[in-house]
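S.K.: Here the protein sequences line up with chains S and R, keeping their order. Residues in the first sequence are numbered from 1 upward in steps of one, following the working numbering. Residues in the second sequence are numbered from 354 upward in steps of one, following the working numbering.
Please keep in mind that the hints were generated in silico from the structure rather than gathered at the bench. Watch out, some of these pointers could steer you wrong.
[Stated by the list, open to error] Facing chain R, a subset of chain S residues (Cβ under 8 Å, in silico): (1) F85; (2) F169; (3) V207; (4) L210; (5) L211; (6) F333; (7) L340; (8) V342; (9) P344.
Note that the Cβ used here is the ideal one computed from N, Cα and C, for glycine as well.
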Amino acid sequence: MSMSDEAAAVTRQRRPAERIRAVVQTRAFLLVAVVALFIVLVALAIHQGVGASRLLSLAAWGVMLGGIIGLGSIGLTLVYGVLKFPNFSHGALVTFGAYFTYAFMAWLPESAPLRPLSFGWTFPVALVLSMPLVGLVALAVDRVVYRRLRRQNAHLVLFAMASLAMAFFLRSVIYIVWGPDFHFFFPGRANPALELPFNIRVRADQVFILLLALAIMAGLYVLLERTRIGKAMRATADNPELAQVRGINTERVIAWTWLLGGALAAAGGTMYGLSSQLRPEMGFWLLLPMFAAAIMGGIGNPYGALVGALVIGVTHQVSTAFLDPTYGPAVAFVLMVIVLLVRPQGLFGREGG
Amino acid sequence: METLVLVKAMLLFVPLALAFGLVLPARAWRPLAAVVVGAVVALAAAAGLSAGLLAYGVSFAIMGCVYALLALGLNTQWGYTGHLNFGVAGFFAVGAFTSALVTIEAPTGVAAQYTQMAFGLNMPFLVGVLAAAVVSGVVAFLIAVPVLRLRMDFLAIATIGVAEIIRLIFQNERWLANGPQPLRGIPQPMHCLVEANGCGWAPGWLNGALSVLSPRDYPLFYLVIIAVFVALVYVVIERACRSPWGRMLRAVRDEESSAAMNGKPITYVRIQSFVVGAVIMGIAGALYAHYTVTIDYSHFHALFATFLVWVMLMLGGSGNNRGAIIGGFIVWGVWSGTAFLADAIEPLLALISDDLPRRAAYFRWLLVALLLAGIVLFRPQGLLREEKVVSRYLRD
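Just chain S, with the same shape it has in the complex (with noise of 0.2 Å):
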């Protein structure tokens, strides 16, 4: 190609169509799109008569819900990206992680509430004992199922298809195991609210599950950051063959991403559990917000996936304040519109991809 052609390929005038495409799908429009439907809402909810404060008080708890979304939809982006198919039995691995905390309490002894807590010392062993748990769970469909279509070569869809089979599946086996009913990790124990400046309303239990989101984020930074398993997770997921090439052993690298998601989704039901209560639905229902914050970080980005989340869950809160909360994934799947019609990567994707 001599000089000339190059100049000319450089200043081929655009078409209106292009330029506007190109406008409108970058990362400031985005932002400014939720913004937008952020401060609709917000604007819904005072027309509504919803005070400042407790619009405050929403957005605070809404923070929380994020953490929670977040850590489910870290292990969700993570597969995601490594293995390339969206897993739907995520959010059976999410309820699992509820009910073996649920479960490890009952073999516990009895402990004293932590004041202002609502728990005792059992609660966060139980969740160190089922995390790895529901890890394992995540690694051993994985071995009997998904590897099986690794090495058949299978279709993405079929993967797909064979992770619906076992979000049902799994889903049965809660049903089977403890039942239809709602379960509370403390039945009828009073959590009151504490009041912070502001007129701000929060639980303890709250503050709590906000605080253990960030110090289990910030142990991933260094996992994924500073250690060669983590490197080698974050080079599998931006490009299997290269990875591979370079003598990343990818099968060890998919183990271990099974079982850091299973964990983290265990971690984030059994936090989801703490703050309503446990219920055999309740990682569907937390699916659509997962994969909306998975898809609004970009596929495949564990900070771009808490990034999301933490936009979903405020969006979501907020949206109560006129909404009935059972509206929920609605406001997750609006976001999640938004963030495919204007930019499909995602917020932290690259241009094109």
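Let chain S serve as the given structure and place chain R on it in line with the hints.
M.R.: Frame of chain S, contents of chain R only:
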């Protein structure tokens, strides 16, 4: 007594002949054999089976037909175009509620306080089915436009969300279709034929001949109606999929870039097939609503209306319309049969734990989930393979 058996046999003849026409191998003698075998089996069933067993068989077949329609719709989307639609339940619900709203007469006076609905047009059955098809197709179009431009796996996430949101809307919005309360009194087509006075529009000889039937026998009529619907949809979809349009769908599914290179508008083609599949699901929803008379949001759970349909299509064979219908009946049979199985294992479960017998029903889920996983792992093409050569002018 003798006329009753004869009338029942004549009604049973239509669905049975259609079923044998589907199952028998494609030879020159197939239509004749289907008619003869159908007539013989219909007579034998009407005369030999007890009334209870016959009624059970008929209700089983009607639900089998509803699921067969859903599987046919999904086959257009997944089998021919590779759309992962995990929201079958949503289109099914839209179809059912639309048809209900169009055909019910809006309640007035005191009844209006108990049954709230956005509108009730009191239109005939066929208008309801048509409206269900149109609205379901419009909903599918609205989903398809933002999502189908992108990667195919986003469709799975989006549809699973849409189905959940549609269910939430029908659960929460009382003004729309009576919210969490069931919507009752969906009219059944030609129900007057089995009533004592007969229909005003029917000729006297028909009312006379059918006067032996009681309202209890109405499902026999409905089976004829729904079987004709399944046959019509099957013929239309089969023709469409064997036409250039169907070949274009497969080309877009298997070789996206070469289809685009040959001038096929990929996105537009995908939207078309998604909408066509949703239209069929909407029709299935309408037919379900008119059969059950009373519907509410809980009927459109992802398990019954999405997951089972996927198992049916994967078992029967994706990309094969005969396989879709046959798979629908087999899996519906397995699902109904496991109800008895769950009852049978209850004493065994009681030995393990006191709580387990009450949860025996969930073992059915477990079984069906394992069935789907097994199909995906060991026989992803299903019982009947996709026919690669679809033109009868080509011989291989």
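S.K.: A separate judgement is required for each hint: does it hold in the structure or not?
M.R.: Hint by hint, here is what the structure shows:
Interface restraint check for F85 (chain S): the shortest CB-CB distance to chain R comes to about 7 Å, inside 8 Å, so the restraint holds. Because the closest C-beta pair between F169 (chain S) and chain R is about 4 Å apart, less than 8 Å, the hint holds. The closest approach between the C-beta of V207 (chain S) and any C-beta of chain R is roughly 30 Å, which is over the 8 Å cut-off, so the hint fails. About 26 Å separates the beta-carbon of L210 (chain S) from the nearest beta-carbon of chain R, more than 8 Å, and the hint is not met.
Look at L211 (chain S): its Cβ only gets to about 31 Å from chain R, farther than 8 Å, so that hint breaks. Hint status for F333 (chain S) relative to chain R: holds, with the closest Cβ pair at about 4 Å, below 8 Å. About 6 Å separates the beta-carbon of L340 (chain S) from the nearest beta-carbon of chain R, less than 8 Å, and the hint is met. For V342 (chain S), the suggested interface contact is broken, since its CB lies about 10 Å from the closest CB of chain R, more than 8 Å.
With a least beta-carbon distance of about 5 Å to chain R, the hint placing P344 (chain S) at the interface is held under the 8 Å criterion.
Checked against the numbered hints above, the structure breaks hints 3, 4, 5 and 8 and satisfies the rest.
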